[in-house]
Structures are given as structure tokens and as C-alpha cells.
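Enquirer: Sequence:
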Amino acid sequence: MSHPAASNPVPNASHFVEEHILADRASGQHGGRLNTRFPPEPNGYLHIGHAKAICVNFGLALRHGGVCNLRFDDTNPTTEEVEYVESIQTDVRWLGFDWGDNLFYASGFFEQIYGFAEELVRKGLAYVCDLSGDDVSRYRGALTSPGKDSPFRSRSAEENLALLRRMRAGEFDEGSRTLRAKIDMASPNFNLRDPVLYRILKKPHHRTGAAWCIYPTYDYAHPICDALEGITHSLCTLEFENHRPLYNWVRDNVSVAAKPEQIEFARLNLTYTVLSKRKLLRLVQEKRVSGWDDPRMPTLSGLRRRGYTPEAIRALCERVGVAKFNSTVDVVQLENALRDDLNKRAPRAMAVLRPLELVIENYPAGAGEELDAVNNPEDPAAGTRKVPFSARLFIERDDFRADPPKDFFRLGPGREVRLRYAYFVTCTGFDTDPSTGEVIRVRCTYDPASKGGNSPDGRKVKGTIHWVSAAHALRADVRLYDHLFAAEHPEDVPEGTDFMSNLNPRSLEVVSGAALEPLLASAAAGSRWQFERQGYFCADPQDSRPGRPAFHRAVSLKDTWAKVEKRQGGQK
RNA sequence: UACCCGAUGGUGUAACGGCAACACAAGAGGUUUUGGUCCUCUCGUUCCUGGUUCGAAUCCAGGUCGGGUAACCA
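Quick note on numbering: the first sequence equals residues 0 to 571 in numbering that gives the first Met the number 0.
Hints may be right or wrong, so weigh each one.
Stated by the list, open to error - Computed Cβ-Cβ distance ranges for the label pairs, DEER-style:
#1 500 / 387: 35 to 43 Å
#2 373 / 500: 40 to 48 Å
#3 439 / 324: 53 to 61 Å
As the list claims (entries may be wrong) - Quick list of in silico lysine-lysine cross-link-like pairs, DSS-like style, CA-CA up to 25 Å:
#4 147 / 181
#5 323 / 459
#6 147 / 122
#7 405 / 286
#8 278 / 122
#9 557 / 461
Simulated from the structure, these hints should not be mistaken for laboratory data.
C-beta atoms are modelled at their ideal positions from N, C-alpha and C, and glycine is treated no differently.
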């Protein structure tokens, strides 16, 4: 029977899952209700891939007056910890979603899940199997050949029930027995070749403590939790497609009233990034990053610390869409979503990352003044501020060239530029370190008539550069980041190596002694700024010291000049 | 070799049998006190072959290519 969605397109649906749901509601499926769920396993921190699942599940509920539950899928105590339970809640809230009272744990249903196991046993649909792990997998058969029945498959319901109860009571060793569904050892779908429902795990659980020594598997527990919570649409990723028949088997063979349906969609992949909890855990454990919240990590805590906004992440999730094609999104999409958001909101400030002294020879020594600067040209309501100016400034080392190429618009001998919000200055010369040849000071004169950066005589300059008064500069440490991985697809590696070999050795550059405009001394922890002409930066309390703040560069501004220069370099 | 799923510009998505659209990237130009922002323009014989139809990205058949699946992980 075809689904209503197939023959009756639904307007206002932005993707196939939404279309499916709207069709269900229109036809009265699930009593017309919508209840989704986000079911993380608390064995790691949430990352940008989870953000997509969160946005899809919570977003759908929000848009259509439904409910989205947060459920911890904590059926395997060997890898799960409370630290993760807490971070996951923090991250989901930070992303901007609220589960209200609908917080659940699979472990909260353990008693009922077990009860359904006894039901399956009584119905002759499950049996206790004494095969070892190796034998279970041997009996399962291969891709092209059917499996064969376990010798324990035909035990009586009474015997199975007794055995199951003894399993629960802890009478058997870990790994010595399992409860298995009796389905079809010859099924072309491996998931139906008598899947394990319960295994013996003599491990304490972070919520149920020592109450259990048998734990249900995902395939068995998940549909039951969904049904018990009244989930209508159980959304998951593509690799569970083959599990759907098993999902339905469990749902239909235990006495739960609800009939949730599983729908699969493609997970998010990003270039220059790995998104697997196992791999991220390795980066943390092997100390290739400073922790789960290292600003280079694709975790939500890392992105947050880096300066990403929840709005930008949600915008990305909206833009990538929901489909069944396994794709990889260019990481510049993420970066661009942040630029988009922060361009509108972030206050501007001037910050010189690599200071080079600029002396204005005709500006009265020892004098100074305060100049007006616009806080955000995109937002007039943000107002203006005063910036201190004097004869000795710092400018960006990159903004001066002793021998500038033709299309370099910045400062060079004899050239005139605008100091943003200040004056036009003309370079009169520069001093070098006699031993190294390095430029240590640039000299110039200013035009008093150009105060504020205006040119009353209509004179044009191609370049406008930022600056900070040397005497007023706030010294700070600034961390510049590049992709954590140097390869576009980090998992594409030659035989014998793994994704770790693609780590980018230059993913972190610490610039110490940047010169910032004094205003930044009051930057609140986590506040985000645009350092003019450079990028968006976030104040980090963890790395700051008194009088010496630290900033992370969340993302650079687009840099047309860098592109031009690179192209010219490539021509040579 | 079995089963399941998929295929639309460089990338990610849209189209619901009727002019292939949007975002990003790339390129060209314009505006600009950020080489930012903003604006304009350029960039596709919809994987192939055949069929149904007045008409196919869409429906059908066969193929090709890609992904997933043989944990007591989720």
C-alpha cells in the first residue's frame, strides 16, 4: 500500500520527512499527533552532526505544534557517563531548544522492556541462547549464504522463561548467554537473523546502579521506548534503514498500543572535519586537542567556545536540507552562516594582531584626541564610540610593504591611505633593524583637514587601514584557527594510516601581544566582536588572565586581497 | 557474490507529468571610510539506454556508479 504522501503532495513541506508527517496528520495517522524525539547515547559530546538531528526533530515539532522528547539512549553502561548526560542537555538548550517535561531515559523503562521480553518468550518469539559471541556470529552466516539455527533455538517457553529469569538474577557469567528474537536465520536482512535482545553485562549503570546485570540492545529497546513515550515519528540516520523491519517486528510483537514509525534521513558530513564520536574521543584522549571544547572541535561546546552562535548553526542546518542522499557539505557553508549572523550583530572594534609602529611626524608629540567610530555600520542603533588617537600608533604588519606591488592598496613609501575614522596619512619612510633588515617603524605625515577620515577636497585613497594608539593599546593573546584537518576528506587515507595522519599541523596559531583598542578591556566573557578588516573574535574567559584577555578567531572575514595575491603568486 | 538505499551546476538542496529554482563556491562588474557588507551578471544537453505520454528530472524496464549491512555498539 502506498503512503498518502506518495500520491498526494503536501504544500509547505520543506523536505520529505516533513511531507510524510503532514500527510500522516492529514489522514489521521497516530491520532493526528506529532511527537518526535532526539535520542543521544550519553557516550560523548554532541557535535554539529547532532545539531542537524536536533534541528530536524525539535524543529518539526515546533513548526507543527508537536512535541519533541529528549531521551538518553543509555542501554550500554560500558561507555556511558553522567558527564555526557549533562553536557548534552547544556548543548541542546544552548542550541535553542526546550524539551519541557519530556526528558526520558531508556534506562527508565528497563522494567517494562524486560517485561516485554518475557512476553516474547511466552509467545515463543524469543529464546535464551548459550552460544558464545563468536559462535553467534558464525551461525549468522555470510552476505550470500543463509545462517543456521542455534542449537538452543527450540527450547520450550517454560525453559526459556526460567533461563531468562536466571539471567536477570545474575546466575550466569557475562557473555555466556543472550536472549535472542526467533525470526529467520535465512533472512537476506542480517538484522532479522535472530538478533540479540538482551546481553549479560555485569557493569553498574550511571542511573540504575547495580539493579541490572542484563541490558537490552538498541534494536530491541528503541522501538519500545518510542512506543512507551508515544513517539509518532522516530527519525534516524540512513544506516538504520536495514533495521526498520526489526523495529517493526519488535513494535508489532510486544503489547504496546502505539505504532511509531521509523523514517531515515542522511546524516551531516562536513569537509575538513570528522564527525564520529569515536574519532572525536580519540582526538581528546590522545591529546591532539585540548578537550571536547577545544575551539577547533566540531562539537557544539567547541563551536560555542570558538564564538559560533546557535543562530548560525541552526541556519546551516536549515540550508543543508534533509534528504536521503549521503552528502558532504562544504565547511565554508558553516563559516558563511556565522559571518552572515555576526555581520549583522557583532560590534566592531579595531585590533592590530601583529603590531608595527607608525609614527606621525607632524602630529604634536604628547598630544592626543578622541575620535568617533561607528560601532556597527549594519546597525545604526548600535551607535558610536570614542577611540583614542596619538602620534604613535600600531598598524598591521601586513598593511605596510617596503616594495608594494601595483594593486596593493595599503601603505608603502610615498603612498597615502586612510586611517579608519582618523586621518589620511602619507608614508615618508621606514626604519629597519640593521642586523635583520626587518622593518621596525614606519614614518608618515597626516593631513589635519582629513579628520574623521573625510576628504574635504574630494581626494580619494584606495586603502583604509585600522590602527591602535600605542600608548592606549590593550595587550592580548589571540588564537587563530585553521581547519583541524588538512585534507578535505580526512578519512580518505592511504593503506596503513588513518585520519589522524591528516591532522593539520597549523590548525592553531597563537598570536601573543596583539594591540587592541582599549574598549575591549571590558569585553564580556563569550562576547563576540568583529575586529575590523580581520574577522569575528570571541572573548575567552578560560584563556584570559587579569589585564590580558584572550580572544579566539571564530572565522575570518572574506579576504579578496589574499585571493588576488595568491593568484598572482601562482602565476609566477 | 546477497539484501537495502540513493544519483539534478564545483558543493548542498528545490521541482510532485507542463519554461530546471535557491543558497554557497568560482569568475566578471558596480557601490563602499572594513580588499567586509550590499547590488548586477556569468556558470546544467537532470548517471546511461530504452519505454509510456502531446509533453518526463519526475512514471516504467534494464544497466552503470556510489553508499549502507555479516557488535552480545548505537
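Enquirer: Does each hint fit the structure? Answer for all of them.
Expert: Each hint, compared with the structure:
no.	hint	result
1	500 / 387: 35 to 43 Å	violated (49 Å)
2	373 / 500: 40 to 48 Å	holds (47 Å)
3	439 / 324: 53 to 61 Å	holds (56 Å)
4	147 / 181	holds (12 Å)
5	323 / 459	violated (54 Å)
6	147 / 122	holds (22 Å)
7	405 / 286	violated (46 Å)
8	278 / 122	violated (42 Å)
9	557 / 461	holds (18 Å)
Of the hints listed earlier, those the structure fails to meet are numbers 1, 5, 7 and 8, in rising order.
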